[in-house]
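These protein sequences, in sequence, are chains V and D. For the first sequence, the numbering used here begins at 3 and goes up steadily by one. For the second sequence, the numbering used here begins at 3 and goes up steadily by one.
Just so you know, not all the hints are guaranteed correct.
[To be verified] Heads up, simulated PhoX-like pairs for lysine-lysine below, C-alpha to C-alpha not over 20 Å straight-line:
#	chain 1	residue 1	chain 2	residue 2
1	D	Lys81	D	Lys42
2	V	Lys104	V	Lys73
3	D	Lys262	V	Lys262
4	D	Lys262	V	Lys323
5	V	Lys42	V	Lys81
6	D	Lys105	D	Lys73
7	V	Lys68	V	Lys81
8	D	Lys81	D	Lys104
9	V	Lys262	D	Lys323
Hints listed in this document are in silico derivations from the structure and should not be mistaken for laboratory results.
Protein chains: 2
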Amino acid sequence: MLPTIEWRSDAVVMIDQRKLPVSEVYVFCKTAQQVATAIKTMVIRGAPAIGVAAAMGIALGMRRSKATGTKQFATEFQKICDLMAATRPTAVNLFWAIERMKKTFADAAQGGCSVDEITQRLEDEARRIHDGDVQSCRAMGAHGATLVPDTARILTHCNAGALATAGYGTALGVIRAAVEQGKTIAVLAGETRPFLQGARLTAWELVKDGIDTTVITDNMAGSMMRLGDVDLVVVGADRIAANGDVANKIGTYGVAVLAKEHGIPFYVAAPLSTIDLNTPDGSRIPIEERHDREVTHVGPNRLTPEGARIRNPAFDVTPSKYVTAIITERGIARAPYEESLAALMMSGQRAAGSGQPAAGSRQPAVGSGRPAGGRQQ
Amino acid sequence: MLPTIEWRSDAVVMIDQRKLPVSEVYVFCKTAQQVATAIKTMVIRGAPAIGVAAAMGIALGMRRSKATGTKQFATEFQKICDLMAATRPTAVNLFWAIERMKKTFADAAQGGCSVDEITQRLEDEARRIHDGDVQSCRAMGAHGATLVPDTARILTHCNAGALATAGYGTALGVIRAAVEQGKTIAVLAGETRPFLQGARLTAWELVKDGIDTTVITDNMAGSMMRLGDVDLVVVGADRIAANGDVANKIGTYGVAVLAKEHGIPFYVAAPLSTIDLNTPDGSRIPIEERHDREVTHVGPNRLTPEGARIRNPAFDVTPSKYVTAIITERGIARAPYEESLAALMMSGQRAAGSGQPAAGSRQPAVGSGRPAGGRQQ
Numbered sequence: 003m004l005p006t007i008e009w010r011s012d013a014v015v016m017i018d019q020r021k022l023p024v025s026e027v028y029v030f031c032k033t034a035q036q037v038a039t040a041i042k043t044m045v046i047r048g049a050p051a052i053g054v055a056a057a058m059g060i061a062l063g064m065r066r067s068k069a070t071g072t073k074q075f076a077t078e079f080q081k082i083c084d085l086m087a088a089t090r091p092t093a094v095n096l097f098w099a100i101e102r103m104k105k106t107f108a109d110a111a112q113g114g115c116s117v118d119e120i121t122q123r124l125e126d127e128a129r130r131i132h133d134g135d136v137q138s139c140r141a142m143g144a145h146g147a148t149l150v151p152d153t154a155r156i157l158t159h160c161n162a163g164a165l166a167t168a169g170y171g172t173a174l175g176v177i178r179a180a181v182e183q184g185k186t187i188a189v190l191a192g193e194t195r196p197f198l199q200g201a202r203l204t205a206w207e208l209v210k211d212g213i214d215t216t217v218i219t220d221n222m223a224g225s226m227m228r229l230g231d232v233d234l235v236v237v238g239a240d241r242i243a244a245n246g247d248v249a250n251k252i253g254t255y256g257v258a259v260l261a262k263e264h265g266i267p268f269y270v271a272a273p274l275s276t277i278d279l280n281t282p283d284g285s286r287i288p289i290e291e292r293h294d295r296e297v298t299h300v301g302p303n304r305l306t307p308e309g310a311r312i313r314n315p316a317f318d319v320t321p322s323k324y325v326t327a328i329i330t331e332r333g334i335a336r337a338p339y340e341e342s343l344a345a346l347m348m349s350g351q352r353a354a355g356s357g358q359p360a361a362g363s364r365q366p367a368v369g370s371g372r373p374a375g376g377r378q379q
Numbered sequence: 003m004l005p006t007i008e009w010r011s012d013a014v015v016m017i018d019q020r021k022l023p024v025s026e027v028y029v030f031c032k033t034a035q036q037v038a039t040a041i042k043t044m045v046i047r048g049a050p051a052i053g054v055a056a057a058m059g060i061a062l063g064m065r066r067s068k069a070t071g072t073k074q075f076a077t078e079f080q081k082i083c084d085l086m087a088a089t090r091p092t093a094v095n096l097f098w099a100i101e102r103m104k105k106t107f108a109d110a111a112q113g114g115c116s117v118d119e120i121t122q123r124l125e126d127e128a129r130r131i132h133d134g135d136v137q138s139c140r141a142m143g144a145h146g147a148t149l150v151p152d153t154a155r156i157l158t159h160c161n162a163g164a165l166a167t168a169g170y171g172t173a174l175g176v177i178r179a180a181v182e183q184g185k186t187i188a189v190l191a192g193e194t195r196p197f198l199q200g201a202r203l204t205a206w207e208l209v210k211d212g213i214d215t216t217v218i219t220d221n222m223a224g225s226m227m228r229l230g231d232v233d234l235v236v237v238g239a240d241r242i243a244a245n246g247d248v249a250n251k252i253g254t255y256g257v258a259v260l261a262k263e264h265g266i267p268f269y270v271a272a273p274l275s276t277i278d279l280n281t282p283d284g285s286r287i288p289i290e291e292r293h294d295r296e297v298t299h300v301g302p303n304r305l306t307p308e309g310a311r312i313r314n315p316a317f318d319v320t321p322s323k324y325v326t327a328i329i330t331e332r333g334i335a336r337a338p339y340e341e342s343l344a345a346l347m348m349s350g351q352r353a354a355g356s357g358q359p360a361a362g363s364r365q366p367a368v369g370s371g372r373p374a375g376g377r378q379q
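Isolated chain V (complex conformation) (with noise of 0.2 Å):
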């Protein structure tokens, strides 16, 4: 499996993605700040990976500390916090993740642990959400496969795979299970302009997993639909509002409106974590605009004419009428949402208790996996 990232008592280490698929370079964090700039910059991307990224900053950040008392701790701790909640406001995993550090630090210190103590349970957290996060992704993709068909040509957009999250994918991991169940895959990518995740990580990803894949433009996507070269549409999330509204990466949107238009499912495969109950809908969620030069630029070369203006929203919004099913780790919501995310949300705080979510348990009301190759809803 690759390593997206990982814990070391001196550092958060980091493939760059910003240099895939050309260089492997590796980025030693050695500071919070270098962590929050590295989810900024997208060294580090993918709402999973950035949830793992500010857990694990957080920690490292804390194990820095200088501060003796637990008063002068616990405001190094909220300030690293908010250095984290400000990197990237999209994404819903970076919140949750913020969350789950601070209920750590608040227990620990209301049951009177000492600043060595906090400063280990803070790892021992950022641990537990990264190998929680490749546990879900498992049993995501357990769930997901079952949509699949023994032949399928599956179309994603962006990079929701190993490289998005702590490991195994989102997107990637419902495809990764399906091949692991011996099913004959061949997998379109689309660039996803203008980062080029799609051409760059989840090629590469794939690739490297030796699965047969194909890189196209994201304008190329209805054509291949309309030719009958897709059978079904995968893609991750950044946040999925209480009625099933998607946040995910900018082209998403359009891929589901043609996706409807030929009758082809579209799947959205995200951890329990990136649904967000108290965002009622789509409307909602904050769409962070990025800097003209990802649009002007490729490496050094200018693509646009100086006085020319540019729009760069990170993601588009895809409103659940086009969204088939929602995959998570404990199983498969589809329409209603508002009922079936609740139900969902709900199994896991009774099933977990402490808000981390219990891969692979399931609820009867949302129900698993059923054969793909339904209409839309």
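Guided by the hints, dock chain D onto chain V, whose structure is given.
Using the frame of chain V, we list chain D on its own:
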């Protein structure tokens, strides 16, 4: 007006569209082979411009001929026509222009012209094709501008501008005409991967003309429409079948589906030389598949890993049901296109006889401009 292509007695001169917007470099083609290579490698591109280039290339090739007898001259002529016909398969304007040159040759030969006289007539015809294209674009602009509200945000894809024609443009001609009429126009230009005609060419020529232009990646189009930032779409075409199906730059189909989903008018602007009544529907239009490298690299920068397959169809087909109207130099056609397009073409034969479009004339059967804002058919 931008000098896309110019005829000189010893060369066909073109701006190198591969190097825009960073460098403004001119290519001097001194042989028919060099013109053919320029078309193939996209020094010049855009259906009408390809037609003009082919005609000039043929005229240049015949001027260079050392043949003394008409028989040898005719053999060389056929070879050069075949050379041009083999450059690119989709844009029908190429074949239309070659047919015009062939008719000119045949008429002159039948009329007992000498080699020198035939050469002169071929040059004259190439010039007429060039000048007629500019007139067509102006007439198209006048018709099309009637469809544009006084204030409009217009999405276009690829480059159907001055650079795609002998000057002024088809889709961008409509935009230019609306601006000249004092309308308040803001243009959204899809960057148009992989060759980036939107980012590089459309933005360049619109910015030069002082028209408000924003470049987006192709996958942002859906989001812009959903946010209410697009009032209408206008694109060019490489071939329009008898039933109104439109072959145009890859990605056009996706934009058309999205426009329909949002109730946004989707217009196609193209000269009659792009309409191919011999092709009954879009399924019969040959779609050129170009080199992988256009997708795998931007300049020297490699985007995809080794081992990933690539698809690179240069065009797609938009079924006529997504097309609100087709804007030509002779009026605006609407569904049912079998009738309206045939009527437009026939009216041209009546009006001009020679096969040369009579720019600006209108046929009541087809109708001229109607105010924009109507829903898709």
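Verification of the hints:
Restraint check for Lys81 (chain D) and Lys42 (chain D): satisfied, since their Cα atoms lie roughly 17 Å apart, inside the 20 Å limit. About 14 Å separates the Cα atoms of Lys104 (chain V) and Lys73 (chain V), which keeps this hinted pair within 20 Å; it holds. Pair hint Lys262 (chain D) plus Lys262 (chain V) holds up; C-alpha atoms about 13 Å apart against a cutoff of 20 Å. Only pairs whose Cα atoms come within 20 Å are accepted, and Lys262 (chain D) paired with Lys323 (chain V) is accepted, the gap being roughly 17 Å.
Restraint check for Lys42 (chain V) and Lys81 (chain V): satisfied, since their Cα atoms lie roughly 17 Å apart, inside the 20 Å limit. For the given pair, Lys105 (chain D) sits about 16 Å from Lys73 (chain D) by alpha-carbon distance, which is consistent with the 20 Å threshold. Restraint check for Lys68 (chain V) and Lys81 (chain V): the C-alpha separation of about 14 Å stays at or below 20 Å, so the hint holds. For the hint linking Lys81 (chain D) to Lys104 (chain D), the alpha-carbon distance of about 12 Å falls within 20 Å, and the restraint holds.
Annotation: proposed proximity of Lys262 (chain V) to Lys323 (chain D) holds, straight-line Cα distance about 17 Å (limit 20 Å).
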